[in-house]
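A.B. asks: Spelled out, the chains give:
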Amino acid sequence: GENVEQHPSTLSVQEGDSAVIKCTYSDSASNYFPWYKQELGKGPQLIIDIRSNVGEKKDQRIAVTLNKTAKHFSLHITETQPEDSAVYFCAAVSGGSYIPTFGRGTSLIVHP
Amino acid sequence: DAGITQSPRYKITETGRQVTLMCHQTWSHSYMFWYRQDLGHGLRLIYYSAAADITDKGEVPDGYVVSRSKTENFPLTLESATRSQTSVYFCASSLEGVSSYNEQFFGPGTRLTVL
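Top to bottom, those sequences are chains G and Y. Residue 18 in my numbering sits at position 18 of the first sequence, with consecutive numbering throughout. Counting the second sequence from 1 gives a position; my numbering is that position plus 1000.
No farther apart than 30 Å at their CA atoms in a straight line, the calculated lysine-lysine pairs in the DSBU-like style are these:
id	chain 1	residue 1	chain 2	residue 2
1	G	K42	Y	K1057
2	G	K22	Y	K1057
3	Y	K1011	G	K37
4	Y	K1070	G	K42
5	G	K37	Y	K1057
6	G	K37	G	K71
It should be emphasised that the hints constitute simulated quantities derived from the structure, not laboratory data.
Here chain Y stands alone, though its shape is the one from the complex:
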């Protein structure tokens, strides 16, 4: 059971380049999330999706684009990367919205460096 996977695990890119981070889950969970983790800021929600073709902005959506054409995939695209987007990115999923009945599961993370 692969669970939730992210690729690549590490990425170095240059300012202005487009970068896509992939997230794949094998549980057929309805909800998927993208977070960024920065020292001193904890986990901040970028975008989330309640189902295929339904996405919503989180706390820090500027500079990011998401899509969800298939339930199992939730790619995150940085259309023109900036140094401020250097971070560790985590994808997560839950069967339905997060509650005591629906645990949120996190992927292993992607460390992105923008030079």
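Bound conformation, chain G alone:
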């Protein structure tokens, strides 16, 4: 089955800095890669996603890149703000199963 590795487990940055979270996947059949943000006491919420036929996608301060050859994808947050502090999960979805496999999460802390 699919295996998703996510790094780092904790990331601490100063307000205004950039943050990068990296994930790798194992199943070459995976073709959809969503990213979720989980605020304290809440369920995860989709913030951005990318399909396997796209190399990069941006939405304001967040962007996701995908390298299919290397089987890795990354989340980039620019100009971080304290409200970006949360746990972020990457996931990979195989076109055959449509069931996400999640990484272990990254706790992002943005210091004012």
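Assemble the complex: chain G is given as a structure, and chain Y must be docked to it using the hints.
C.D. replies: For chain Y alone, kept in the frame of chain G given last:
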């Protein structure tokens, strides 16, 4: 629009007791999922259901039972709770299987403590 709800939000029980966590969604989504979240393990899939009366095991199904007699409800039962089942449980749903066309939505979670 209530969306996806879970009850109870917090539960304390004792080892050996049966516990049922409820999940209800108002969107008529076909797919529903149960995950557990533990520190260092992220989100692990317990069971999922593609439609009423269809359920499948996920990564960590042992000790859990699910049913889906109605599309909108997907209860998770711990038949004999163990301390290792202390966790935060999330229910989720999607219109069809998760893809770029079908977003997965999560409930607010149930924090379960087994003493």
